[in-house]
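Using the sequences plus the hints, can you model the full thing?
Chains L and B, in that order, are what the protein sequence lines are. Residue 173 in the working numbering sits at position 173 of the first sequence, with consecutive numbering throughout. For the working numbering, count along the second sequence from 1 and bump the result up by 212.
Calculated directly from the structure, the hints in this document are not laboratory data. Incorrect hints may have been included.
Listed below are the simulated EDC-like cross-link pairs for lysine to aspartate or glutamate, each with C-alpha atoms no more than 20 Å apart in a straight line [what the hints assert, rightly or not]: (1) Lys182(L) - Asp83(L); (2) Lys48(L) - Glu277(B); (3) Lys257(B) - Glu65(L).
Covered stretches of chain B (in silico footprint by chain L; criterion: 3 or more residues with CB under 8 Å from a CB of chain L, positions within the stretch not fixed) [unchecked claim]: (4) 245 to 254; (5) 266 to 274; (6) 287 to 300; (7) 307 to 318; (8) 323 to 330; (9) 413 to 424.
Every value quoted in this text rests on a predicted model; they were computed, and no experiment measured them. Ideal placement from N, C-alpha and C gives every residue a C-beta, glycine not left out.
There are 2 protein chains.
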Amino acid sequence: MIQNGLLNDLQYQKITVKLILYLKIMCNKNLIKRSIFKEKISELKSKKFSFEINRIELPNGHEGEYGYIKHPGAALAVPITKDNKVIILRQYRFAVSRYLLEFPAGTLEIGETPINSIKREIQEEAGFSANKWDELGTLVPAPGYADEEIYLFLARDLSKLNYEVRGDLDEDIEVLILDPDKLDNLISSGDEILDAKTVTAWFRAKQFLDKL
Amino acid sequence: MIQNGLLNDLQYQKITVKLILYLKIMCNKNLIKRSIFKEKISELKSKKFSFEINRIELPNGHEGEYGYIKHPGAALAVPITKDNKVIILRQYRFAVSRYLLEFPAGTLEIGETPINSIKREIQEEAGFSANKWDELGTLVPAPGYADEEIYLFLARDLSKLNYEVRGDLDEDIEVLILDPDKLDNLISSGDEILDAKTVTAWFRAKQFLDKL
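The following block contains the structure:
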């Protein structure tokens with residue numbers, strides 16, 4: 001491969017590509033860094049996720065026992081109607097003993113992509129389908145004790161379903177259609193306990209729509 | 213008490229007060245509604261919280277086994293410097309194997325109020341103290357599987373500490389001071405996995421500051 005101890009153009013090119021890739025990986029080192037798994041201490045399985053306590057070593061060398069929820073991930077939609085209203089749900093959550101304002105969202109099923117999951121959930125939970133989808137990024141709701149990632153989407157060009165899609169039996173949901181200003185006021189009012197994934201998705205949706 | 217079958221002014225007043233109270237409770241019925249606890253199935257204790265699986269009956273009558281994290285709650289600060297920059301942390305989170313952008317926050321200790329907790333955390337994590345505090349409401353990060361509530365505050369009139377306050381040994385934190393526009397751009401860039409409590413708190417801080 002090496003002629004007269006020198007590299008040819010193609011070899012230079014290949015090495016440059018590899019170097020750039022290596023630099024990219026090094027730059028990302030600060031963002032993605034695995035802890036070292038030592039041993040599983042205990043585990044409980046719930047319906048859609050499990051809870052594990054593991055002995056792990058953190059990147060800074062500290063070792064300890066940490067408990068967290070292992071979750072398959074979820075997808076969420078901010079649905080905007082043709083006349084620029086926002087569809088949002090009033091939904092019961094047993095863990096906080098409250099009805100919260102939440103965008104349609106759901107846990108990924110095995111082998112399901114986020115976009116296919118949310119196309120199903122928006123029908124089951126809100127009774128709408130959407131023809132125009134845009135990605136709004138990914139959030140982590142509780143990085144202190146859950147590995148869950150929620151994929152955010154903007155759903156537009158909506159059509160109301162003229163049939164009912166059955167969701168989970170234990171879901172207790174009311175569908176609201178709000179002016180964007182009304183949603184902003186509900187968030188600032190102090191009357192609502194804020195659902196963090198919903199406010200984060202709304203922030204991203206507003207950023208996206210403001211740039212159009 | 214009743215003269216000639218009629219109520220006097222004071223009695224009318226008392227009944228009116230009770231009626232208003234009753235109406236307030238009825239209006240809130242839709243927001244706060246307890247599930248009925250049936251029995252504890254299993255439990256695991258972690259360092260700062262526990263995980264329980266309980267058999268419960270939901271307000272809509274559906275009964276099932278549900279697992280969730282019982283958490284003491286937390287407090288968070290959006291720190292704004294005197295020259296209107298935002299202080300934010302780059303912090304390692306083992307559960308998601310990443311460094312995230314997060315506002316200073318911490319779990320409430322036993323008997324600690326949210327405001328006292330965050331006054332301690334902002335010193336330990338960011339190395340600043342604040343003289344001006346405003347409430348920005350409360351969020352729930354993961355109402356599907358945690359009862360945690362996070363109390364949000366705006367922290368202004370900051371002073372840099374000239375000594376180091378030791379936080380938890382397992383915390384791995386870098387302090388960043390950003391222009392607000394830079395933070396908005398980081399959130400919209402797609403390069404960051406978004407921390408939902410941080411974006412929600414930033415949304416609320418911007419709402420609050422825009423109204424000044």
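Hints, verified against the model:
1. Only pairs whose Cα atoms come within 20 Å are accepted, and Lys182(L) paired with Asp83(L) is accepted, the gap being roughly 15 Å.
2. With a C-alpha separation of about 11 Å, the suggested pairing of Lys48(L) with Glu277(B) holds against the 20 Å cut-off.
3. Restraint check for Lys257(B) and Glu65(L): satisfied, since their Cα atoms lie roughly 11 Å apart, inside the 20 Å limit.
4. Closer than 8 Å: that is the beta-carbon criterion, and the region 245 to 254 of chain B has 4 residues meeting it against chain L, so the requirement of 3 holds.
5. Counting residues of the region 266 to 274 of chain B whose C-beta lies closer than 8 Å to any C-beta of chain L gives 5; at least three are required, and the coverage claim holds.
6. Coverage of the region 287 to 300 of chain B by chain L is violated [criterion: at least 3 residues with CB-CB distance below 8 Å; count 0].
7. For the region 307 to 318 of chain B, the stated coverage by chain L is satisfied: 7 residues place a CB nearer than 8 Å to a CB of that chain, which reaches the threshold of 3.
8. Only residues whose C-beta sits within less than 8 Å of a C-beta in chain L count toward coverage, and the region 323 to 330 of chain B has 0 of them, not enough to reach three; the restraint is violated.
9. For a cut-off of 8 Å, the count of residues in the region 413 to 424 of chain B with a CB near a CB of chain L stands at 5, and the three-residue condition holds.
When the structure is compared with the earlier hints, violations turn up for hints 6 and 8 and for no others.
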